[in-house]
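Asker: This is what each chain is made of:
Protein chains: 2
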Amino acid sequence: MNEKLIQIGKNAKQAAYKLSLLDTITKNQILNQFAEKLVANTDQILAANQKDIDNASDMPAKFTDRLKLTDQRIKDMAAGLQQVAALQDPIGNIDKGWQNDAGLLIEKKRVPLGVIAMIFEARPNVTVDATALTFKSGNAVILRGGKEALNSNLALAAVLRAVLKDNGLDENAIQILHDTSHETANDLMHLNKYVDVLIPRGGAGLIQAVVKNATVPVIETGAGNCHIYVDQFAEEQMAINIIVNAKVQRPSVCNAAEKLLIHRDVAKKMLPAIAKALQDHGVQLRGDDRSREIVPSIKPASDEDWSTEYNDLIMAIKVVDNEQAAIDHINNYSTGHSEVIISNNYQNGQEFLNKIDSACVYVNASTRFTDGFEFGFGAEIGISTQKLHARGPMGLNELTTTKYVIRGNGQTRK
Amino acid sequence: MNEKLIQIGKNAKQAAYKLSLLDTITKNQILNQFAEKLVANTDQILAANQKDIDNASDMPAKFTDRLKLTDQRIKDMAAGLQQVAALQDPIGNIDKGWQNDAGLLIEKKRVPLGVIAMIFEARPNVTVDATALTFKSGNAVILRGGKEALNSNLALAAVLRAVLKDNGLDENAIQILHDTSHETANDLMHLNKYVDVLIPRGGAGLIQAVVKNATVPVIETGAGNCHIYVDQFAEEQMAINIIVNAKVQRPSVCNAAEKLLIHRDVAKKMLPAIAKALQDHGVQLRGDDRSREIVPSIKPASDEDWSTEYNDLIMAIKVVDNEQAAIDHINNYSTGHSEVIISNNYQNGQEFLNKIDSACVYVNASTRFTDGFEFGFGAEIGISTQKLHARGPMGLNELTTTKYVIRGNGQTRK
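Protein chains in written order, with my numbering: chain A, 1 to 414; chain B, 415 to 828.
There could be a bad hint or two in this list.
[Stated by the list, open to error] Simulated crosslink set (DSS-like; lysine-lysine; CA at most 27 Å straight-line): (1) K414/A with K451/B; (2) K51/A with K147/A; (3) K522/B with K476/B; (4) K13/A with K626/B; (5) K108/A with K510/B.
Quick caveat, the hints were computed from the structure, so don't treat them as lab data. Fair warning: this is a prediction, and the values are worked out from it, not measured in the lab.
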């Protein structure tokens, strides 16, 4: 194990202890100073970013677009920090409290997790967005971003760390790994003594690599093979509106719909209009034989399609015999993110809500609502597709844990 | 990866789906039948257990005592099943519900985790106790017990599985690994596709091995290097009562106190009486130089003592200069289980509660209260010393997760 990394772990743990004792007013003041100083230091941040852009000249435009910072993007990050400052602080909340049989007063109190590590790709905005949420929730953060964004990440973190220092706080509440090697990332996944949770952010490959390797607790986010099932009691225009919104509005994100299942009794009637609406928005359709008999312009889907998250203007369609077939298909192929039934039948809606094993299950709404902001959390660190600790959109509350605070007057156990 | 184990994982996942749809009345009926049939099959269970006892003739008495089943122990397991049947079912509870800005009705609903795996030592009662809680909370369980208890575990599970079969339910809700090799245990720790959480139960060695190896989500339980700090405002008799209770009542368990810290201003006055009370109960004392100057019968403590969980009638004592020194010592050496301050000073009590980073933090009560039954949960699967998902005593609620159930009327995202 890398000695430098162990030192970073120790530093983070110490900083987390101090952070856990800060009151909300102080944390909010710091967040607002973060915002102010980022804007004030725009020139030096952009200069550092330019180095990264120059080094990435061989990369595709999509990649450099994510990497690139601008005046406006720095202002957006600053606005994000101010928004987080305005959110309610979960720390100190009492989830529940009671008196036990021996007369002890027991409270379950919200406290920070401690040290949060994040591994992410070459998107420098994550440095600031993640720090806003971890800092507000009283956690120290260790950030390991993509190597192509290292200069940008270090420049951003330098501004934030200077604010901490100027306020007499521990700079190590925010640490960037300078060493972006795979070996060090792997060591970070095994830093059990210091890391309370590791949250990978990025594509499916990154997240699966972390889940497969890490021994520190991981929260798995962002895999979204989302389904919409149109049953025989669906209203056609509602179905079209929801499907188009879920597929087309922002196809690259995890809450976009990827698959359409439709009941055989309405496929002949509704599928042509649904397919046309999607195709009019540039969506390429793939499907099973039954869907292709109805709409010949649908290309054949392979077995692999059913488990693929396209993140693109592609949708695969399957005609099903009944609701149970739809449910079985979804529970088998889904990543457990978000699934929708479109139906006006009470019983069918209830069955779908009960039987689908995903983080978010909908009747008659777009998958695109699976989002911390849309849910009203005011922030989002990611969307958990695992079942432990957090499931679905994660806001500030999901970056906390609890401890039991117990007040007695001399009780001993009988 | 072991093909048989993959099949066990698939079977468990399928059984979990069916279990998740059972209503509480049915689950309670089955739990009561489990109890009845265990007692009715006492003879064959004891015969199987006798084989294990015969095979373990070389093992120490402590080991065979844990392994041995008797009429009474089978009745106790049956009573445990009936108690769990009587507990409130957490499944279906709505933790919170609200309407978002777009008019969606969002509910956060309690659902089973799915498949719970347990690795435990040669204690056949765990087979029944764990099954009671996993079944009641709607989860399928895969049990890998110590190889020395295999015949007993299989006999117990056969009775439970027969009850499931007789009721037309899926027997694979309860599966025992026949193969107790380390290789298969290791494969189980990597069965990410089918295991939603792995809970090791046993000694520190077993738990650390699981935490270090597993890639499935783990809940770490039961490591308890618990501290009591007597400050300068403590009432002497209360201190003695609590310390003796916490150390002596049941020294082998994780919520027993292992360390005593005492403020220098009261050490001279209180330590002799505290030490005598402990020694009168057969406790061997170890300590730092300052404690040994006051009570010469205290043996010297080594550095290793401060991080050791004795699980025995041993206690290590340290004199500290102030509360912060006590807090720093505890946060450094503790396993994060349970810590106590004995004090009548308001400010000191508050500081201790705020600054100690453990699952349970007490003022003026015994560490022995950290227990699902004492907390009023009516059951306990273990005491979590990690921060993710569950922290402190784990009852039925901690064996569940949530899903968001969302009802709309055609909403699409703007």
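Asker: With reference to the structure, classify each hint as holding or not holding.
Answerer: We went through each hint and held it up to the structure:
The straight-line distance between the Cα atoms of K414/A and K451/B is roughly 33 Å, outside the 27 Å bound, and the hint therefore fails. In summary, the hint linking K51/A to K147/A is supported, as the alpha carbons are separated by about 12 Å, within the 27 Å threshold. Taking the CA atoms of K522/B and K476/B, the gap is about 46 Å. The hint is violated against a cut of 27 Å. Pair hint K13/A plus K626/B holds up; C-alpha atoms about 20 Å apart against a cutoff of 27 Å.
The suggested pairing of K108/A with K510/B holds, with an alpha-carbon distance near 17 Å, which does not exceed 27 Å.
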